[in-house]
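Spelled out from the first residue to the last, the chains are:
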Amino acid sequence: MRKKMIGACCLLPLMWLASSGIAWAADAPKIDSGDTAFVLLCAALVLLMTPGLALFYGGMVRRKNVLSTIMHSFIIIALVSVQWVLFGYTLAFGPDKLHLIGNLSWLGLIGVGGAPNPDYAATIPHLAYMAFQLMFAIITAALISGSFAERFRFPAFLIFTLLWTTIVYDPMAHWVWGAGGWLRNLGVLDFAGGTVVHISSGVSGLVTALVLGKRLGYGREPMVPHHLPFTVLGAGLLWFGWFGFNAGSALAANGLAANAFVVTNTAAAAAALSWLCTEWIHNGKPTILGAASGCVAGLVAITPASGFVTPLSAVLIGLIGGIICYFAVSVVKAKLGYDDSLDAFGVHGIGGTWGALATGLFATTAVNPAGANGLFFGNPGQLWTQFIGVITSWAFAAIVTFIILKVVSLFTRLRASDEEELAGLDLPMHGERAYDYIS
Amino acid sequence: MTKIECVIRPEKLDAVMDALGQFGNPGMTVSEVKGCGLQRGWKEVYRGVESTIKLLSKIKIEVVVKDETVDQAVQLICRAARTGEVGDGKIFLYPVADVVRIRTGETGESAIY
Numbered sequence: 001m002r003k004k005m006i007g008a009c010c011l012l013p014l015m016w017l018a019s020s021g022i023a024w025a026a027d028a029p030k031i032d033s034g035d036t037a038f039v040l041l042c043a044a045l046v047l048l049m050t051p052g053l054a055l056f057y058g059g060m061v062r063r064k065n066v067l068s069t070i071m072h073s074f075i076i077i078a079l080v081s082v083q084w085v086l087f088g089y090t091l092a093f094g095p096d097k098l099h100l101i102g103n104l105s106w107l108g109l110i111g112v113g114g115a116p117n118p119d120y121a122a123t124i125p126h127l128a129y130m131a132f133q134l135m136f137a138i139i140t141a142a143l144i145s146g147s148f149a150e151r152f153r154f155p156a157f158l159i160f161t162l163l164w165t166t167i168v169y170d171p172m173a174h175w176v177w178g179a180g181g182w183l184r185n186l187g188v189l190d191f192a193g194g195t196v197v198h199i200s201s202g203v204s205g206l207v208t209a210l211v212l213g214k215r216l217g218y219g220r221e222p223m224v225p226h227h228l229p230f231t232v233l234g235a236g237l238l239w240f241g242w243f244g245f246n247a248g249s250a251l252a253a254n255g256l257a258a259n260a261f262v263v264t265n266t267a268a269a270a271a272a273l274s275w276l277c278t279e280w281i282h283n284g285k286p287t288i289l290g291a292a293s294g295c296v297a298g299l300v301a302i303t304p305a306s307g308f309v310t311p312l313s314a315v316l317i318g319l320i321g322g323i324i325c326y327f328a329v330s331v332v333k334a335k336l337g338y339d340d341s342l343d344a345f346g347v348h349g350i351g352g353t354w355g356a357l358a359t360g361l362f363a364t365t366a367v368n369p370a371g372a373n374g375l376f377f378g379n380p381g382q383l384w385t386q387f388i389g390v391i392t393s394w395a396f397a398a399i400v401t402f403i404i405l406k407v408v409s410l411f412t413r414l415r416a417s418d419e420e421e422l423a424g425l426d427l428p429m430h431g432e433r434a435y436d437y438i439s
Numbered sequence: 440m441t442k443i444e445c446v447i448r449p450e451k452l453d454a455v456m457d458a459l460g461q462f463g464n465p466g467m468t469v470s471e472v473k474g475c476g477l478q479r480g481w482k483e484v485y486r487g488v489e490s491t492i493k494l495l496s497k498i499k500i501e502v503v504v505k506d507e508t509v510d511q512a513v514q515l516i517c518r519a520a521r522t523g524e525v526g527d528g529k530i531f532l533y534p535v536a537d538v539v540r541i542r543t544g545e546t547g548e549s550a551i552y
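These protein sequence lines map, in sequence, to chains A and B.
Our numbering applies: residue 1 is where the first sequence begins, and numbers increase by one.
Our numbering applies: residue 440 is where the second sequence begins, and numbers increase by one.
A hint or two may mislead.
Distance ranges between label pairs, derived from CB positions [unchecked claim]: (1) 281/A with 481/B: 16 to 24 Å; (2) 525/B with 286/A: 25 to 33 Å; (3) 281/A with 538/B: 21 to 29 Å; (4) 481/B with 34/A: 49 to 57 Å; (5) 509/B with 281/A: 20 to 28 Å; (6) 179/A with 482/B: 49 to 57 Å; (7) 501/B with 280/A: 22 to 30 Å.
Simulated from the structure, these hints should not be mistaken for lab results.
Glycine included, each C-beta is placed from N, C-alpha and C at the ideal position.
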């Protein structure tokens with residue numbers, strides 16, 4: 001009863017803001033230099049996450065595969081940047097077709113210029129919004145590479161990534177964030193990409209790991225990280241860049257951005273602590289890999305919620321996210337026996353699912369009047385809406401990724417040969433080594 | 440002439456080098472090596488997944504001495520490298536046919552030091 005009253009009280013300012021928003025939108029959109037500077041810098045921060053991810057993953061593989069692993073993330077920056085300008089952006093954010101995809105009217109960014117697009121962000125140039133969204137498309141594709149590290153053939157990887165970004169990421173971004181997208185119309189809350197970025201990449205990673213099969217010797221030979229300081233540096237860069245990811249998703253330098261900034265840091269910190277303590281109790285030792293993994297799990301979990309929840313809720317989302325992800329990678333993965341090399345699924349798929357559902361629990365219009373209340377703020381329906389978003393993302397990502405892999409395998413071999421894999425991918429596939437032994 | 444090849448605990452390297460230095464032989468070759476033996480491996484846990492590491496890190500020292508000083512050198516190394524626990528390492532002795540100092544072309548015992 002009390003929760004319902006709180007919910008009703010929160011609705012009043014929402015209605016007021018909605019009406020004032022309509023009146024305001026009638027004015028010609030005007031660029032705000034503060035917002036523009038903020039969003040452009042945030043885009044640069046998000047870009048930095050992908051080289052950070054390259055280090056995060058690169059440190060966790062064996063030394064013979066470090067360059068091929070770093071290559072996955074790095075070359076995706078180049079590949080998706082070009083795809084996005086040519087046709088990716090218009091598919092994801094172009095004028096709506098059937099609530100499923102953008103049409104091709106912004107092909108090659110024609111018509112996307114310095115003037116704002118009020119459908120997305122009324123106070124910054126449309127190009128700034130496009131650039132910010134590009135960085136999300138890049139990191140999402142790169143996240144998947146954690147699942148197939150140490151065994152994917154490079155040519156197949158390139159074709160897979162291009163197809164995946166085009167027919168998995170671009171439509172999903174349209175559904176959740178595009179004007180007219182059906183999940184957005186349904187009221188699914190995803191502030192910075194729990195479904196679009198983390199569930200999509202994590203689940204696709206799991207499917208790729210299953211289709212490719214386990215690495216040779218998996219479960220019999222030790223496959224231990226070769227350079228954990230890389231991984232920690234990478235986690236640090238991810239943490240840093242994530243402020244751009246979440247706070248920047250406010251698309252303005254305002255209070256909502258500040259809230260997203262604070263809850264992002266809080267959840268990362270809480271999850272680092274909870275993962276560390278859980279493994280300490282479960283395995284007897286607190287590890288730096290655990291602390292770094294926990295911080296990333298917390299960042300993933302808070303991502304969809306970051307524009308809708310309070311810092312106190314972020315503590316809970318982070319604490320629970322760290323524990324869930326720890327058990328996903330240490331217990332569930334071993335029980336089910338799949339080889340998700342660097343736990344893209346365990347951290348991003350599971351963490352993203354938790355975050356998307358947690359948004360349906362902890363969201364409050366007191367933080368963001370344009371959002372909605374969650375279960376704990378008197379609106380159980382939001383949890384159901386979030387659940388629909390989660391199930392849809394899982395199903396779409398899994399099925400389409402599977403189809404893409406099968407199609408690519410008709411044209412080229414997906415997996416490295418046994419000789420290449422045993423030698424490590426760096427030398428046979430790229431002709432270079434990370435570490436020279438005699439010089 | 441005899442080549443002494445000993446595999447020791449990494450933390451005992453300084454002690455063994457000091458001991459051989461007191462004995463008056465400054466020349467040796469040191470390598471970082473991996474190996475297995477009675478000591479067995481150990482477990483490492485990454486993200487909750489246990490891995491058994493079978494190969495342990497050791498230090499290998501190779502030093503060539505005159506035949507009359509072999510026993511003394513071996514004793515010095517044993518004293519310096521011993522902890523009494525499993526894993527202290529091993530010493531191997533090999534006869535050396537000849538030694539050549541590359542700079543001068545000297546051969547035999549005078550080329551050792």
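Please flag the earlier hints that this structure goes against, numbers listed from lowest up. 3, 5, 7
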